[in-house]
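The primary structure of each chain is shown beneath.
Number of protein chains: 2
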Amino acid sequence: MPDQRLTRYLEQAGGEALLSAEPGLVRMLTGHAGDVATGPSPFQLPAMVLAPGDGPARLICSADEAAAGELVHTYEGFTAGPIDPPSGAWQALSEALSEALAMVAPGARAVLVDPATVPASVVWSLGERGAPAPDLLSLGSVKNDAELAAIEASVRLCDAGHVAARAATVAGATELDVWAGVTAAIERAAGRRVAMIADLVSGPRTAEVGGPPTDRRLDSGDLLICDLVPRLDGLWGDSCATWAVGEAPAWAEPLRAACLEALRVGLDALRPGALSGDVDALVRSVVAASGYEYPHHTGHGVGFRWHEQPRIVPGGSTRLEAGMVVALEPGGYSDGRGLRVEQVAVVTENGCRVLSAHPLGLAANDGAAA
Amino acid sequence: MPDQRLTRYLEQAGGEALLSAEPGLVRMLTGHAGDVATGPSPFQLPAMVLAPGDGPARLICSADEAAAGELVHTYEGFTAGPIDPPSGAWQALSEALSEALAMVAPGARAVLVDPATVPASVVWSLGERGAPAPDLLSLGSVKNDAELAAIEASVRLCDAGHVAARAATVAGATELDVWAGVTAAIERAAGRRVAMIADLVSGPRTAEVGGPPTDRRLDSGDLLICDLVPRLDGLWGDSCATWAVGEAPAWAEPLRAACLEALRVGLDALRPGALSGDVDALVRSVVAASGYEYPHHTGHGVGFRWHEQPRIVPGGSTRLEAGMVVALEPGGYSDGRGLRVEQVAVVTENGCRVLSAHPLGLAANDGAAA
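Sequence order for the protein chains is D and Y. Residue numbering for the first sequence is 1 to 370, as defined by the numbering used here. Residue numbering for the second sequence is 371 to 740, as defined by the numbering used here.
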């Protein structure tokens, strides 16, 4: 019944249960995909998961957030009465604790608490029973089939967003005009609002690697870097491409070819047993041979969070396993110039399977229906 | 130098300093308007404010978030190296603490900690120096002139969103089509991405009071409730109107008239010294006389959070003061029917000044240029 990934984590870390308010871990352990897009609410604390090693995980959230079928402990949310979510959440969590940890001696340091997301009120109330949970970024790096399908659905949203962004790319339009096309296409494809992280930078801004869309107007010959990271059903997708407004400058195609070759080499290296740091060095070297470099990671795990293990970074010591989902994103940047490509792949028993299907050409109309 | 509102709060609550990660309080005390729209980041903790009663407030955040000119203590954020935001944030906060609380005896219970937003790691590290901060929802209920101007700018975004929503209202369009018009208009008007809470419900969904836009198609004779709550420069606006797709059903105009009358009566009652519970009862009674009722608050403060003091609710005991910003939103709901109107006003020395300027008519083209 408990998630085997959690059971192993608790055995290694030495705890009876995990308590986290990290939306990705809540999704992984309870199936609950809460909203992340509007910051703290005065009516509720973030939804939390209490997951023991030897029983079902429990969701602690306001009644507004709870969905049917979840093993959930709720407290009042939106109300015209007095509001006090810290005590409401603590009462619901107390109930969950007494059911989930009935066998644990009071006073034992049983509950490993996510140090970055669980709020202060809960820590005080837990007292000596709570201790910091180590290294949570690795928990959930290997996905099951249902999770892979959900990530693939998010990657399909990326594809739809790229097609719309390219269609909206015309000289004189602003980055925000392109962005409006992206959000409309992705939310229509999802049939609901979608939380999204995005880089959308054009012209000289491409040298800055990323940044949100602004009212800068696209000029003929500009490049546009579009990196879309939507969250659907609690799981994140990722994707990046770079294309030109009208005709691309002469330096762009050689750089694009180098980045595509680096991406291909990286995808070839994704297989069980590969070392994350080796993949990083390999991909980085291909771009370096073109005379460019990138200041960021080569790639990262994606799914429960938009950046998780395995991190494909210099010196990375993670051994890849089947079921890990990796975004690779080599790029090149220099004065006034920037270009990046990115695809997401899942590591399989003997290699990897690419999930991304968005166009990667320099022509804005690449991939458009004839 | 310290914010007088904070000084009074700390005197009443009995603490040397306040520590909060609530984005509204961070904005109020440091001017920093961080992003709220994508949930927790693996690279950083939420930005925090450490505000002593007798000195300047300090921002604790990752280097990625810090803006020039802020009194800021930073740690590394986005990186290709190892990531450990809890210890980074704690080191930056330790530095801020030792500078801000140099005169406070070690071990004293000096720091009042926001129980809903400050993460566990910081609480453990503070140890005996941290204690729960009471009643933070009232802190910042009275705004200064610069804050009022920022709220007014957010309310202008609401106005732009309503005009776009009405223009996109045609039979056969989906709620998400209308929503795409709203987001494009608001983000173009702001010149940047804008975090937004919204109800956008049509037809029978209006009886549910609120909810996000879906792929439901608008039908002739449907009503559409549109409640837009954008955040610009860290301050929230609010607004609601209800209009018809084509010709409105016969029951709609009498209900709209009752809600508008309730709104007018409520605005007339907004003045220094008025009791929030009295305003609630007055507005609620006007709607009740029409045979309808609403299950939610009559209104709420808005600005640093999207719902704050003064809460206009049954039994509310807050005395209004000049500088408070209040959203009033009477509505009526019954089987398959729903309608709501909302305006935002600031309490002045002898009444109030309405900030909202969005159309409130039942015809979708109300307010459209001739």
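These are calculated hints, taken from the structure and not from any lab test. Worth double-checking, as some hints may not be accurate.
Stated by the list, open to error - Reference excerpt, derived from the structure (chain Y facing chain D, CB under 7 Å, subset only):
hint	residue
1	553
2	557
3	559
4	627
5	683
Please read these numbers as outputs of a predicted model, since none were measured by experiment. Here a beta-carbon is modelled for each residue, glycine too, at the ideal position from N, C-alpha and C.
Exercise. Quick check: which numbered hints come out false for this structure?
Worked result: 3, 4
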